[in-house]
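Given next are the chains, with one letter for each unit.
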Amino acid sequence: MTQVLDPPVGLSPPPVARRTARRKALLEWTAVHSLGIAAALFFTLPFVFVVLTSLMSDQQALTRDLVPDTWEWDNYRKVLDTPGFLTWWRNTLLYAGLGTVLTVVSSIPVAYALAKFRFRGRNVTLMLVISMMMLPPQVIIIPMYLFWAKQLDLSGTLSPLIIPMAFGDAFSIFLLRQFLMTIPNEYLDAARVDGCGELRTLVRVVLPMAKPGIAAVALFQFFYAWNDYFGPQIYASENPGAWTLSYGLESFKGAHHTDWNLTMAATVLVMAPVILVFFFAQKAFVEGVTLTGVKG
Amino acid sequence: MSTHPLRAKRRRSALRTVAFLSPWLIGFGVFFAYPLVSTVYFSLMKYDGFGTPVFRGLGNWAYVFYDYPLFWPALRNTLWLVLVMVTCRVVFGLGIGLLITKIRTGAGVFRTLFYLPYLAPPVAATLAFVFLLNPGTGPVNSVLGDLGLPTPGWFTDPAWSKPALTALALWGVGDLMVIFMAALLDVPKEQYEAAELDGTSAWQRFRYVTLPNISPIVMFAVVTGVIQTMQYYTQPLVAGKVASGIIGGSGQQFEPGYPDKSTLTLPQLVYNLGFQRFDYGSACVVALVLFALAMAFTALLMRRRGGLIQAGD
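Top line first, the protein sequences correspond to chains A and B. The first sequence begins at 1 in the UniProt record's numbering and counts up by one. The second sequence begins at 1 in the UniProt record's numbering and counts up by one.
Since the hints were made in silico from the structure, they are not lab data. Careful, some of the hints might be misleading.
[Said to hold, decoys possible] Below, computed lysine to aspartate or glutamate pairings styled on EDC-like, alpha-carbon distance capped at 20 angstroms: (1) B:LYS162 <-> B:ASP260; (2) B:LYS9 <-> A:ASP194; (3) A:LYS24 <-> B:ASP260; (4) B:LYS102 <-> A:GLU28; (5) A:LYS116 <-> A:GLU28.
[Claimed, not checked] Pair ranges (Cβ atoms, derived): (6) B:VAL91 <-> A:TRP73: 17 to 27 angstroms; (7) A:LEU35 <-> B:VAL30: 19 to 29 angstroms; (8) A:ILE37 <-> B:ASP157: 10 to 20 angstroms; (9) A:GLU238 <-> B:LEU300: 48 to 58 angstroms.
Even glycine gets a Cβ: it sits at the ideal position worked out from N, Cα and C.
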């Protein structure tokens, strides 16, 4: 990935032409990489300013200064000591962790059937899955809220957000189905000839081959739960003990409206885990993005 | 000849299919079909969550279209976002995708840096941008001021709040970058070589080789962008709430769509009507408008080149 460029040279043109070609390639290299650095600044400077501000003193964070005079690492301890912050962490991990497991387990068989079974209504089913995937969650929120809050009395908890994940998530089903389509049928047929039922074929043969797809789905689902704001806003807002980080972060800003330094420290603490997870699972993630977009 | 064994086999395979689909079948019924029907029902009812719903006919529809002061501003904002934000994102995403395919030195590092902001949790990213773009002391206006450039009010100025949201959306363009990058790498090399032999300029190669090859992906990016705009909720809501807190102190009693309704989107209206005004009926009307728009564009997406559905077997 980091090969140093020797500008490509043609077969064997006359020396003068070769020199102009070389110069042109060098020029292009410089132009491309200058643009690349400019773009990199656009993408990274917001992070840099957020981190720098998170380390300023209360007073300095209210000035136009860009770099802290004194580095206040204590800000992070203050944020972690804020009542509730650790509870939001725990709730977020519960929502994201349990939700991801449930989603993966319930979505795999559905995706497998859609990718590998022949049955009447398969295309209709797939179209319905895609429609569910594209449905803004606000469309059905009124009946869903009445269902969870009035009939099951579960508002103020995260159950209304976690339980539905046991019934397949449209996006995960779609992504997994796209992935399973790429597994050649010969493998399945071989297993069937050996006398495996569909369930055993799925568990013994397909799942080991589908690991990258499953990893991508799990990651996306984890990030979805981590980032979700609307769900906790509807179901958990009345009970701070059930808040998640994304929801709590905004109220944190409300309570510390002049303390940009603490707000930015809290922002860093919400962003950091996602970015860490990404670095460990970069490949699976990028693969997932490409799969939903291009394949099919 | 008896067809019995065949029929039994067919029944078994149908049962097997239903078994595999069962999580989704339940989910589809309980979390999609039932609430959709129920939304239609409530859109005709007057209901505040207590007592029994009272039939109101098309009264809620008339209220939303004629008397609800936030509906048309939200629809206008959505149109603005579709025309400007989606276009900017697709063009910028394609540009960054092209750039990353040309970068030879340190390509992996650049790609990661370009992609990372896409992962920033929306609430955190929005808070960061409200801070970066805060009109008085934010880093962006500090730099602009030092350069003698105008310093807009960004999230506090109705004329600049949507451009500020667009900046936030461009920062998170990593998803499109990856998709365009993959598409660009798929363009057959021979076509470029042939075009180069013909003495074409770089622009002509882009226009006559690259674009025709990637046009399905551009279409895909535009349509999914429009669908995402229909769902655009967290960023404009949080930006409005937090920015109004800068001016008015606590962000708790916030004015929807601050400043001056300029950040309202349709999903926010469902929240405003349903959970702030407790007018569930009218909230369901807006929900159905949102549903119709989202499904219209989804249909467009599925019709495209056999759509997302490739023949399985």
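Going through the hints against the structure:
1. B:LYS162 <-> B:ASP260: 12 angstroms, holds
2. B:LYS9 <-> A:ASP194: 19 angstroms, holds
3. A:LYS24 <-> B:ASP260: Answer violated: LYS24 (chain A) to ASP260 (chain B) is near 52 angstroms, above 20 angstroms.
4. B:LYS102 <-> A:GLU28: 9 angstroms, holds
5. A:LYS116 <-> A:GLU28: 48 angstroms, violated
6. B:VAL91 <-> A:TRP73: 17 to 27 angstroms: Given range 17 to 27 angstroms: violated, Cβ gap about 41 angstroms.
7. A:LEU35 <-> B:VAL30: 19 to 29 angstroms: 51 angstroms, violated
8. A:ILE37 <-> B:ASP157: 10 to 20 angstroms: 31 angstroms, violated
9. A:GLU238 <-> B:LEU300: 48 to 58 angstroms: 39 angstroms, violated
Checked against the numbered hints given earlier, this structure breaks hints 3, 5, 6, 7, 8, 9; the rest are met.
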